[in-house]
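Undergrad: Sequences are here, hints too, so could you generate the full structure?
Residue numbers (this note's numbering), protein chains in the order written: chain A, 1 to 442; chain B, 1 to 299.
Simulated from the structure, these hints should not be mistaken for laboratory data.
Wrong hints could be hidden among the right ones.
[Unchecked claim] If you only want the chain A side, here are some residues facing chain B, beta carbon under 10 Å, derived: (1) 10; (2) 25; (3) 78; (4) 79; (5) 84; (6) 87; (7) 116; (8) 121; (9) 124; (10) 125; (11) 151.
[Stated by the list, open to error] In silico SDA-like links for lysine to any residue, alpha-carbon gap of 20 Å or less: (12) A:342 <-> A:372; (13) B:54 <-> A:109; (14) A:8 <-> B:19; (15) A:44 <-> A:11; (16) A:243 <-> A:420; (17) B:132 <-> A:92; (18) B:54 <-> A:149; (19) B:132 <-> A:90; (20) A:342 <-> A:321; (21) B:59 <-> A:154; (22) A:201 <-> A:239; (23) A:396 <-> A:329; (24) B:54 <-> A:150; (25) B:132 <-> A:102; (26) A:396 <-> A:335; (27) B:132 <-> A:29; (28) A:201 <-> A:57; (29) B:54 <-> A:147; (30) A:8 <-> B:18.
[Stated by the list, open to error] Just the calculated beta-carbon pair ranges, DEER-fashion: (31) B:28 <-> A:136: 41 to 51 Å; (32) A:52 <-> B:61: 56 to 66 Å; (33) A:56 <-> B:28: 24 to 34 Å; (34) A:128 <-> B:275: 33 to 43 Å; (35) A:17 <-> B:275: 37 to 47 Å.
Every residue, glycine too, gets a C-beta built ideally from N, C-alpha and C.
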Amino acid sequence: MAGTISIKNVSKKYSRNAQAHLSYGMTDLWRALFWRPGALELRKDEFLAVQDVSFDLQPGDSFALVGRNGSGKSTLLKMLCGLTKPDAGTLILDGRVQALINLGAGFNPALSGRENIYNAAALMGLNRRETNDIFDAIVDFSELEEFIGSPVQTYSSGMKARLGFSVAVHLEPDILLIDEILSVGDHAFQNRCFARMQQLKKRGVTIVLVSHAHNSVIQLCERALWLHRGVPRMLGGARETVKAYLAFLEDAEAAKVEEANQSRSAAATTAAPAADAPKRASEPAEGLFGPIHTDGGDVAGIETWFRCGEAEADRVTVHNPVTIGYRFTLKRRVEDLNVTLKLFREDGLNLTTISTLNGDLVRGIHEGTVECEVLVPDFDFNPGVYTLVIAIHEGKSYLYRDVMKEFAVVGNDRLTWGLRDFRYQYRVQGEVAYDTTAEAPA
Amino acid sequence: MRRATARRPLDAMPRQIYTAEYRIDTLPHTLRAMARGMLQSRYLGYRLAVRSIKGRYAKSAFGMFWDLIDPLILGLIFYGLMQARVIQPGDMGMPYALFVIYGLFLYATFTEALMEAVEVFGRSRGLLTQQKIPPEALLTAIFFSVGFNGLFRLAVMAGFSVVLQGIAVEQGQITLSVPGLLAFFALSPLIIFAGVSIGLFLAPFNAIYSDVGRVTRIVLTPLRYVSPVLWPIPATGAIGLLNYCNPLSSLIGDLRLLAVSGSMATPELFVGWCAALAVLFLLAWFVFHLAVPVLAERA
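TA: Spelled out as structure tokens, the structure:
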């Protein structure tokens, strides 16, 4: 039946060594000339990029391949569209296959959009008459009427993607293979692409999608395969598979953070390091989380803690209470003391600042030891890695400013995207259908 | 109203099976696939050639002119050397200028066809890694592309035959035979065919080791001097034997003589070489067809 895909025990190997890759190529070519199949045994420097993958898809199914970079998703997709040959197993595809691996594939930058439409359509199997039939629709969908006569080299990457996608989806495939291409282009066009794919899906087109946009995967696909280093880790419903994969990613991030914090604790024996102290391995690049002031000599014995419950924590499950505390000693009299705690996303985005300026909480302390704790009853950042920075000021001047802690937030069972996971009550037709306001912390 | 989507014929996309194993009935299956690929890839080959040609001349004011000027300058230099008696090519039965122009243009077509075929994998790397292309589309694209350039060269060669006719007649030489020229037009694609046959045979090896292409380029330079491109090659001695074993000697020499006089010097040898090249072409095409899927992931 058109649109059916059957994959049985498929494996593919590659070589890490460029020179060996060539000589193995010669061996494989020689074998091919005598119709001898390649052996699955790994030769020196070879590894299995895809290992023993099996699944079946029916017409109208939409299926996602998820996994980290280098996990074998694109290799599997290339085998599905016949660009590379498996080293073991069988792939059977019934129907017209359209692969969107690179939306600009076949585009010659020196030629106009019009010329490139004919070229791209020819690459996808259409002749001139068939291309004439869909030319207007392609240009219309791509919204490039004004630029269709201009050389493609004058197009932005988004415009090229629009043109490429537009050509590809007007060919009525039975099977559509898409490799992480919809991240290009503006949101409006991405929405149109998804709408078009939903239309194709309704028409019975089988879709296989490789994407790191997990919300797109869940919205578009019913099933998913999670590949890890070429090996299938989970095959199931898209939502469950993505959840499991995201949990794995969060665990991996949290483990990295724990490791970084451990090495930081081992390295930091004094609270205020000397000016000539070597930089810590985990210290962020200067500027990403703001300036670092650790050598002023105005404060000493800085201790900080970040607790989830009673214990010091490197990871926090969303919606749990968190206690952030610090203690330091002023080495001279300070007239206008204030302290800020800044929370950053790992890319340097400042998410929130907690300052003692609200209420002038420590302004009256001029000397001696200062100890404070901040209790956050419901820590609602979405899963990810965050950095806590402490800044001790006298007025507007820094006495001390440094990264205090890196920590990871891991998710609960709910799928969320963006920065925060609000507590909310969802009412459908007037009835409360989903309520997170009274949920106990995980 | 125009249709918004294109539906390809059902037979254009049969069930596709990808496996590590090759089919048991490999030879008939492969031959059928080759023939089908050649028939179905004509338009794609044409578009690839158009894409290549337009891309090549997109930023050039003179376009094709540059491809013609190179052999013309070389021809002019050798004509000057002959006039100054630095080289004495002997009696050719036709004006030396015409001999050199035909020789250089035919040789240029041969080398272009050969190198286009040898470097086909490298040139198509981007496409091969992202699109499934029938191997025959790449092959037809070479024929279209080289054929397009060859048409201009044919026009220049015919033009020289006409222009030099008056001078040649005064000197008792020939420059033009109309039936011969027509036969020359009909048979001149054989020079492309010869280049593609040899180049296609080397292409898979060049895809893996680029040294193959470098060596080929190196060999092509002296080959011009031991082929009857710039001067006639003696029929005796070691050079005569080399000349006999060189398919270009027969192809260039006989095609040129056909255009000018309407007959060939060694028609049997010409036919023999054409038959040998046809066998080589079929073999090279066969290797190429099987090699493309293997090499696409290494291109």
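Undergrad: The structure should be examined with respect to each hint, and the outcome stated for every one.
TA: These are the hints, each one checked on the structure:
1. Restraint check, residue 10 of chain A versus chain B: the minimum CB separation of about 9 Å is within 10 Å; hint holds.
2. Interface hint at residue 25 of chain A: satisfied, since its Cβ lies 5 Å from the closest Cβ of chain B, which is below the 10 Å cut-off.
3. The interface hint given for residue 78 of chain A is met, as the beta carbon of that residue sits about 8 Å from the closest beta carbon of chain B, less than 10 Å.
4. Look at residue 79 of chain A: its Cβ gets to within about 6 Å of chain B, closer than 10 Å, so that hint holds up.
5. Taking 10 Å as the C-beta cut-off, the interface hint given for residue 84 of chain A holds, the closest approach to chain B being about 4 Å.
6. Interface hint status for residue 87 of chain A: upheld, as the beta-carbon distance to the closest one in chain B is roughly 5 Å, under 10 Å.
7. For the restraint placing residue 116 of chain A at the interface with chain B, the shortest Cβ-Cβ distance is roughly 8 Å, inside the 10 Å limit, so the hint holds.
8. A least Cβ separation of about 8 Å between residue 121 of chain A and chain B falls short of the 10 Å threshold, and the interface hint therefore holds.
9. The restraint placing residue 124 of chain A at the interface with chain B holds, with a minimum CB-CB distance near 8 Å, inside the 10 Å limit.
10. Interface restraint check for residue 125 of chain A: the shortest CB-CB distance to chain B comes to about 6 Å, inside 10 Å, so the restraint holds.
11. Annotation: residue 151 of chain A was flagged as interfacial toward chain B, and the flag holds, the nearest CB pair being 7 Å apart, inside 10 Å.
12. Our distance criterion of 20 Å between C-alpha atoms is met by residue 342 of chain A and residue 372 of chain A, whose separation comes to about 15 Å.
13. Only pairs whose Cα atoms come within 20 Å are accepted, and residue 54 of chain B paired with residue 109 of chain A is accepted, the gap being roughly 11 Å.
14. Simply put, residue 8 of chain A and residue 19 of chain B have alpha-carbon atoms about 10 Å apart, close enough for the 20 Å limit, and the pair holds.
15. Proximity of residue 44 of chain A to residue 11 of chain A is assessed by CA-CA distance (about 17 Å); at most 20 Å being required, the pair is judged to hold.
16. With a C-alpha separation of about 17 Å, the suggested pairing of residue 243 of chain A with residue 420 of chain A holds against the 20 Å cut-off.
17. Proximity of residue 132 of chain B to residue 92 of chain A is assessed by CA-CA distance (about 16 Å); at most 20 Å being required, the pair is judged to hold.
18. Of the supplied pair hints, the one linking residue 54 of chain B and residue 149 of chain A holds, its CA atoms being roughly 14 Å apart against a limit of 20 Å.
19. Proposed proximity of residue 132 of chain B and residue 90 of chain A is supported: the alpha carbons are some 18 Å apart, at most 20 Å.
20. For the suggested pair residue 342 of chain A and residue 321 of chain A, the alpha carbons sit about 17 Å apart, so the restraint of at most 20 Å is met.
21. As the CA atoms of residue 59 of chain B and residue 154 of chain A are separated by approximately 14 Å, the hinted pair is consistent with the 20 Å bound.
22. The suggested pairing of residue 201 of chain A with residue 239 of chain A holds, with an alpha-carbon distance near 18 Å, which does not exceed 20 Å.
23. Using a Cα cut-off of 20 Å, the hinted pair residue 396 of chain A and residue 329 of chain A holds, with the two alpha carbons roughly 19 Å apart.
24. The straight-line distance between the Cα atoms of residue 54 of chain B and residue 150 of chain A is roughly 14 Å, inside the 20 Å bound, and the hint therefore holds.
25. Straight-line distance between C-alpha atoms of residue 132 of chain B and residue 102 of chain A comes to about 12 Å, which keeps the hinted pair within the 20 Å bound.
26. With a C-alpha separation of about 11 Å, the suggested pairing of residue 396 of chain A with residue 335 of chain A holds against the 20 Å cut-off.
27. The suggested pairing of residue 132 of chain B with residue 29 of chain A holds, with an alpha-carbon distance near 18 Å, which does not exceed 20 Å.
28. With a C-alpha separation of about 13 Å, the suggested pair residue 201 of chain A and residue 57 of chain A falls inside the 20 Å cut-off, and the hint holds.
29. Of the supplied pair hints, the one linking residue 54 of chain B and residue 147 of chain A holds, its CA atoms being roughly 19 Å apart against a limit of 20 Å.
30. Note on residue 8 of chain A and residue 18 of chain B: the hinted pairing holds, with a Cα-Cα distance of about 11 Å set against a maximum of 20 Å.
31. At about 43 Å, the CB distance of residue 28 of chain B to residue 136 of chain A agrees with the hint of 41 to 51 Å.
32. Checked against the hint of 56 to 66 Å, the C-beta distance between residue 52 of chain A and residue 61 of chain B comes to roughly 58 Å, which is consistent with it.
33. A beta carbon spacing of about 31 Å between residue 56 of chain A and residue 28 of chain B agrees with the range 24 to 34 Å that was offered as a hint.
34. In this structure, residue 128 of chain A and residue 275 of chain B meet the distance hint of 33 to 43 Å, their C-beta atoms being roughly 36 Å apart.
35. For residue 17 of chain A and residue 275 of chain B, the Cβ-Cβ distance of about 44 Å falls inside the hinted range of 37 to 47 Å, so the restraint holds.
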